[in-house]
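Please build the complete structure, drawing on both the sequences and the hints.
Number of protein chains: 2
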Amino acid sequence: MKQYLKHDPWLIVEEDFHRNYNEITESVMSLGNGRMGQRGNFEEHFSGKTLQGNYIAGVYYPDKTRVGWWKNGYPDYFAKVLNAANWIGIDITIEYESLDLNTCEVRDFRRVLNMREGYLERSFVAVLKSGKELQVNTKRFCSIVDDEAGAIRYSLTPLNFDAKITVEPYIDGNIRNRDSNYDETFWDEVRKETAYGEGYIELRTRKTGFHVCSGMCVEIEQNGVRVDFQSQPIRREKYVANRMTLDCQQGQETVIYKYAVNLSSLNHDPDFMVGEAHKSIQRITRKGFDRMLLDQQQAWADKWKTNDITIEGDAAAQQGIRFCIFQLNQTYTGEDERLNIGPKGFTGEKYGGSTYWDTEAYCLPFYLSTADQKVSRNLLRYRYKHLEKAIENARKLGFKAGAALYPMVTMNGEECHNEWEITFEEIHRNGAIAYAIYDYIRYTGDENYLVEYGLEVLIAISRFWSQRVNWSEAKQQYVMLGVTGPNEYENNVNNNWYTNYLATWTLRYTIEAVGRVKELNHEKFNELCDRIHFREEKEIATARHIVDHMYFPYDETRQVFLQQESFLDKELMTVNEIPKGQRPLNQHWSWDRILRSCFIKQADVLQGIYFFEDDFDENTIRRNFDFYEPMTVHESSLSPCVHSVLASKLGMKDKAYEMYLRTARLDLDDYNNDTEDGCHITSMAGSWLAVVKGFGGMRIRNDQVVLNPYCPDNWESLAFKIRFRGALLEVKVTQTDVTVQNFSGKPVEILLFNETVSVAPNSKSRIEKTAEVD
Amino acid sequence: MKQYLKHDPWLIVEEDFHRNYNEITESVMSLGNGRMGQRGNFEEHFSGKTLQGNYIAGVYYPDKTRVGWWKNGYPDYFAKVLNAANWIGIDITIEYESLDLNTCEVRDFRRVLNMREGYLERSFVAVLKSGKELQVNTKRFCSIVDDEAGAIRYSLTPLNFDAKITVEPYIDGNIRNRDSNYDETFWDEVRKETAYGEGYIELRTRKTGFHVCSGMCVEIEQNGVRVDFQSQPIRREKYVANRMTLDCQQGQETVIYKYAVNLSSLNHDPDFMVGEAHKSIQRITRKGFDRMLLDQQQAWADKWKTNDITIEGDAAAQQGIRFCIFQLNQTYTGEDERLNIGPKGFTGEKYGGSTYWDTEAYCLPFYLSTADQKVSRNLLRYRYKHLEKAIENARKLGFKAGAALYPMVTMNGEECHNEWEITFEEIHRNGAIAYAIYDYIRYTGDENYLVEYGLEVLIAISRFWSQRVNWSEAKQQYVMLGVTGPNEYENNVNNNWYTNYLATWTLRYTIEAVGRVKELNHEKFNELCDRIHFREEKEIATARHIVDHMYFPYDETRQVFLQQESFLDKELMTVNEIPKGQRPLNQHWSWDRILRSCFIKQADVLQGIYFFEDDFDENTIRRNFDFYEPMTVHESSLSPCVHSVLASKLGMKDKAYEMYLRTARLDLDDYNNDTEDGCHITSMAGSWLAVVKGFGGMRIRNDQVVLNPYCPDNWESLAFKIRFRGALLEVKVTQTDVTVQNFSGKPVEILLFNETVSVAPNSKSRIEKTAEVD
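Going down the list, the sequences are from chains H and F.
Counting along the first sequence from 1, when you hit position 289 you're at 289 in the UniProt record's numbering, and nothing is skipped either side.
Counting along the second sequence from 1, when you hit position 264 you're at 264 in the UniProt record's numbering, and nothing is skipped either side.
Everything labelled a hint here was simulated from the structure, so no lab data went into it.
Values in this document were obtained by computation on a predicted structure and should not be read as measured data.
Keep in mind that the hints are not guaranteed to be accurate.
You can't tell identical chains apart in this list, so a pair holds if it fits in one copy or across any two.
Claimed, not checked - Listed below are the simulated EDC-like cross-link pairs for lysine to aspartate or glutamate, each with C-alpha atoms no more than 20 Å apart in a straight line:
| id | residue 1 | residue 2 |
| --- | --- | --- |
| 1 | Lys-518 | Asp-713 |
| 2 | Lys-207 | Glu-488 |
| 3 | Lys-303 | Asp-336 |
| 4 | Lys-396 | Glu-536 |
| 5 | Lys-653 | Asp-271 |
| 6 | Lys-475 | Asp-548 |
| 7 | Lys-475 | Glu-556 |
| 8 | Lys-400 | Glu-571 |
| 9 | Lys-279 | Asp-713 |
| 10 | Lys-475 | Glu-571 |
Laid out in structure tokens, this is it:
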């Protein structure tokens with residue numbers, strides 16, 4: 001836990017340079033626009049602790065798998081987020097002294113991430129060994145308007161000297177992934193070009209053959225006037241630069257504008273890439289830094305209009321939730337159905353692959369409520385497009401006849417993970433993908449999606465479940481052997497309640513969806529049956545038989561669902577019985593001890609109850625919550641949010657708030673000592689859930705927004721915005737009342753505290769709190 | 001399955017050079033003397049497929065662990081059998097043509113491992129590109145008399161030319177382990193020396209700091225007369241050689257004698273090693289090749305006198321069993337309690353570590369019956385000396401108060417394995433170490449071992465079991481959660497019957513042993529209690545409570561023990577239902593599918609029944625055999641032998657013979673396509689078990705040899721020798737009668753077919769078979 005970043009509602013502020021925390025700050029101050037992104041690195045050379053990171057969405061490398069003991073079925077290679085060329089670099093030399101914050105004295109350092117307007121700025125005075133004092137101010141952003149472009153304003157003011165300053169803006173493709181399994185280089189150079197103030201380099205990834213062309217153009221201003229400069233082009237292996245030496249006078253500001261683009265072969269023909277990059281560079285350079293920044297500010301203002309959450313009375317909480325929303329928007333814009341939400345976004349390269357079940361289980365609701373419908377539709381389409389690969393993946397594991405197992409971790413549909421107990425057994429992920437289809441349709445009403453794509457995915461997943469269970473002669477029921485539930489602190493268990501529930505739910509939903517698609521478009525349905533050899537009668541009969549005869553472990557005494565069949569053979573303890581100094585368990589206990597213990601990494605039975613809360617009465621939910629929550633160590637950042645939502649539902653306000661706090665500022669406070677690897681992007685969606693579904697009590701039921709909001713005790717007010725079927729609502733809740741504002745041109749009917757409230761177009765309704773939640 | 005090696009009762013013969021099988025032949029024709037050993041490599045340079053391998057017992061390297069996903073508790077480094085300097089090398093150049101069987105034509109090739117006399121010979125005619133024909137005959141052995149020494153006779157005869165032949169005998173320390181995790185070099189040079197015809201090189205292992213000095217001395221004979229030669233010493237990094245150019249006449253034989261020693265710092269002070277190596281070399285060189293070979297032949301004759309098994313009427317079987325006995329004797333002599341039986345012996349380096357539970361469960365009975373009592377005592381002492389490390393190992397996993405968990409794989413007592421489901425969970429190995437103490441004492445009557453060492457080990461292991469079980473409130477019994485039984489095709493199961501049985505057996509035996517040691521030497525017992533803080537009353541009460549309340553999964557319907565609690569939830573099938581082309585399963589099925597299936601890699605419940613057969617009536621044994629054997633795929637070489645022994649006991653002669661065949665010639669016929677990595681040394685002991693305990697029906701009960709022998713149908717006779725408490729017996733069984741010969745000076749009473757038979761000193765008793773076994 002570190003608290004060196006200042007609390008501010010809209011800014012993340014580092015004051016004074018925290019050299020040892022630099023990699024943490026770099027993660028937190030990452031920039032992204034959905035298409036590309038980068039860590040909050042310095043432009044000038046820095047010889048201290050830093051993880052240089054630039055990432056281009058969708059550009060990956062199949063790294064050779066590393067494994068101790070090979071198991072049949074592991075992928076030989078798996079896709080890894082790729083560190084790409086560094087395009088921000090500007091090396092500064094003042095008469096043979098290199099500007100390097102690691103070797104000079106630094107005064108008045110300030111690095112600020114402006115979340116409201118979407119840029120990073122930095123200012124400091126560098127006192128060089130020679131005594132020269134140089135004022136530096138930088139501003140940088142990845143444009144969300146021109147989403148292949150970024151721009152930098154880098155200003156130098158000598159404070160106590162006149163000197164020739166050599167400036168070398170560059171693009172450097174000599175880059176490795178820190179997490180490369182075999183220290184390989186992943187990029188080859190294709191071509192490079194330099195021109196006056198310009199430089200282009202086209203690199204190709206090994207094996208995958210992605211091309212990325214990075215281009216730059218530099219302009220110099222002195223005293224507010226653009227100056228011509230002598231430029232010496234530099235070309236080395238995978239490196240282009242322009243070196244220029246500028247006369248800088250004491251007190252005079254020299255500004256370097258660096259415009260950059262990153263074009264990838266996902267969107268451009270490699271044969272014409274350098275030319276396109278050149279055109280792109282010309283366009284944005286003409287536009288100019290200030291105009292680009294204005295566009296950026298406007299675009300972010302538009303995002304905040306539909307996304308913002310305001311918390312009055314708690315600056316840290318306000319900053320925390322905005323940081324989550326900001327990073328989620330930086331990571332994924334939903335423009336491109338080939339992309340997804342990496343667990344580290346553009347903030348680091350750890351963990352292969354970009355897509356986990358986090359997307360469906362945690363992130364989708366955020367995008368459903370804050371973005372255009374097409375954004376969440378694209379998230380679903382992403383999986384649809386991977387269906388063939390998921391079928392192939394299942395085939396490798398011995399399944400057949402179109403059964404699909406989506407990978408645990410993926411970039412392109414292929415599996416990127418190789419721990420048998422996860423890769424082959426944490427199969428509940430398949431259910432989350434089915435659930436997302438349900439969740440999306442419930443929210444949007446877009447049943448056409450079911451016709452076009454959803455049912456095909458559902459049938460493939462249901463085929464998997466039908467084959468994955470087996471009939472137990474002993475139980476005279478279906479069982480599901482050898483799985484790992486969401487709680488990865490149990491492996492290879494039998495009859496994980498959550499997985500069994502999700503599997504039978506999928507089967508039921510598929511049966512229902514078959515009926516619905518037949519109603520909506522029988523022709524399309526017949527086409528589908530033909531194409532995927534769906535034998536309706538037989539497959540549905542099988543599914544029904546499984547649904548009717550599935551085994552669910554249950555404790556009659558406590559009346560709780562059992563996480564897995566043998567759970568009650570464990571020694572049941574609560575987290576507060578764990579001896580001091582032994583947490584987190586995964587850093588202190590050997591794996592077998594963790595597995596044998598009753599301690600739960602993240603919501604498991606409760607994850608199921610969270611997904612399907614309408615299936616259970618409140619007492620059932622409470623009994624299960626009371627049984628499992630005290631055994632949960634929350635050693636996954638995805639755990640507290642689910643508990644927070646359920647605790648809110650159960651009126652356990654303190655518990656809900658405690659759980660909310662565990663992830664609300666996870667990265668800002670480096671809670672788990674791992675933010676230097678990158679931010680926990682997907683768990684940020686969990687914080688949003690804790691606020692909107694938890695404190696806000698927001699649900700969608702029967703095509704209607706349902707609200708049961710309350711304001712945590714130590715906040716003055718909480719306000720959040722949601723989009724729902726064309727309407728934009730703001731719900732503001734104080735300790736005494738709730739105001740619902742309707743920004744749309746039609747009336748909206750909601751269910752607030754179980755009563756129907758109609759909010760007129762472009763107006764608000766204020767309701768005094770009548771329902772007390774605790 | 002390959003059958004290019006000729007059947008012969010005493011020889012392993014390769015006729016014609018099988019280039020593509022060379023690494024297999026090298027494994028099979030390995031030589032060893034317990035102290036050092038090597039693969040059947042060529043002396044001269046060979047550019048073809050070869051795995052150069054020289055190994056020094058007890059000299060290991062802690063290789064950095066390779067793992068895909070780290071689990072807490074894994075060892076950072078683990079000890080690995082180390083490929084050592086090549087001391088056999090003799091490069092031959094005939095007027096600028098290198099002798100290399102990969103590039104010249106080879107005629108009349110013959111490579112023979114002589115098992116009766118313990119040497120390897122080879123002869124061939126090389127037809128060089130120039131047309132020169134050269135006859136080569138070589139003979140080589142690792143002396144079991146001078147066990148730090150080896151000798152080579154390498155003879156050259158030009159058949160159709162006169163020429164100067166350059167001969168370069170060398171020692172080369174530029175060697176790597178093929179299985180090195182990070183391609184590291186493990187050896188550093190310390191010093192080297194050369195002299196006329198001599199060369200010495202001292203290497204030190206990195207990290208572990210073992211020194212090994214290899215020395216050589218060369219003599220040349222032409223026409224049977226020793227000749228002086230011009231010798232040019234050559235010294236390169238980790239390489240010493242003597243180059244000599246010899247005038248060789250057509251038809252004249254030139255013989256190179258190369259004497260070599262390998263001294264290790266396990267037995268010598270590194271400061272004086274080169275000098276000692278020099279003395280050693282002088283001594284053996286004086287002794288001379290022929291005399292050394294005579295010693296070798298005599299020593300092997302002595303071994304065969306007590307070890308041999310003869311099978312009449314089946315040459316392949318005869319060769320197979322002798323090969324097993326030969327390799328077991330080459331691998332481990334029992335001279336040194338610091339050594340153990342590597343799974344590959346001196347025949348390859350695959351798998352880290354040298355010691356598995358194979359030693360206790362499979363190899364110990366072989367050495368008990370064929371070697372001096374001190375040999376098996378040393379095997380036990382090896383574990384005793386690792387007790388502290390086993391306690392430390394258990395402590396790392398969260399156990400306390402002197403509980404010991406012996407490693408799955410080890411060299412020096414530290415764990416060498418890193419698969420959580422094995423390393424942390426295949427804990428039954430601990431029980432095998434306890435069982436070996438029981439087995440040893442039962443065989444030898446050496447109860448003093450219990451007093452001196454055995455009880456201390458038993459208490460430590462029992463402490464582990466007492467902590468590893470937990471009380472299940474649900475069952476109101478003790479359970480053992482999260483284990484992997486001997487059948488590694490189930491992982492992380494609850495209540496593996498075998499493990500539970502072995503655990504409670506250990507507790508019972510420990511309680512009994514405490515009583516016995518108190519009777520035998522109360523003072524020693526008190527000392528022990530003090531030293532290890534043994535709280536007799538409390539610990540025994542705990543043990544008894546566990547013994548009395550342990551849960552054992554059982555199928556009431558079939559009346560069989562259940563391999564694990566959930567076994568009956570699986571789809572029960574038999575091996576013959578596995579579709580064609582899908583075996584071995586571990587090469588065709590993904591790991592989760594294997595785990596979910598009922599198929600068994602190796603004896604599990606049946607391993608327990610094999611160990612404790614007197615605890616079960618024959619019907620129980622038969623029911624369990626009939627239930628489990630049809631589900632067993634025997635994908636471990638340790639599996640068939642146990643089934644063979646039990647089948648023999650149950651009178652299922654065909655099944656017993658079928659199971660015997662599966663390992664009897666495992667390496668000779670490269671049954672599993674993996675002999676090139678080295679031979680399956682420990683499973684060779686299993687073949688011996690199948691013969692002696694299976695066909696021979698040999699047991700020790702009540703301090704007496706018990707025999708229920710039969711001769712498999714297609715053999716004329718079977719004869720095996722066993723040592724028992726000072727006596728040497730030979731049991732010969734034909735289709736009609738059994739002859740027991742007593743080679744000792746005292747009468748021996750045995751139980752043959754349940755009747756007491758007394759065999760007079762140095763005489764034999766012949767009994768017609770009365771008891772039919774099927």
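Here is how each hint holds up against the structure:
When the C-alpha separation of Lys-518 and Asp-713 is checked against a cutoff of 20 Å, the pair qualifies neither within a copy, at 50 Å, nor between copies, at 69 Å. Neither within a single protomer nor between protomers do Lys-207 and Glu-488 lie at most 20 Å apart by alpha-carbon distance, with minima of 33 Å and 36 Å respectively. Proximity of Lys-303 and Asp-336 under a CA criterion of 20 Å is satisfied intra-copy only: 17 Å inside one chain copy versus 76 Å between copies. Proximity of Lys-396 to Glu-536 under the C-alpha cut-off of 20 Å is found in neither arrangement, the shortest distances being 25 Å within a copy and 55 Å between copies.
Neither within a single protomer nor between protomers do Lys-653 and Asp-271 lie at most 20 Å apart by alpha-carbon distance, with minima of 60 Å and 74 Å respectively. Taking identical chains as interchangeable, the C-alpha atoms of Lys-475 and Asp-548 lie at most 20 Å apart only when both belong to the same chain, with a minimum of 14 Å there against 28 Å between chains. Proximity of Lys-475 to Glu-556 under the C-alpha cut-off of 20 Å is found in both arrangements, the shortest distances being 17 Å within a copy and 14 Å between copies. Taking the shortest Cα distances, Lys-400 and Glu-571 sit within 20 Å of each other only across copies (18 Å), while inside one copy they are farther apart (40 Å).
In the homo-oligomer, the alpha carbons of Lys-279 and Asp-713 never lie at most 20 Å apart, since the shortest distance is 55 Å inside one protomer and 88 Å across protomers. Only between protomers do Lys-475 and Glu-571 lie at most 20 Å apart by alpha-carbon distance; the minimum there is 12 Å, versus 25 Å within a single protomer.
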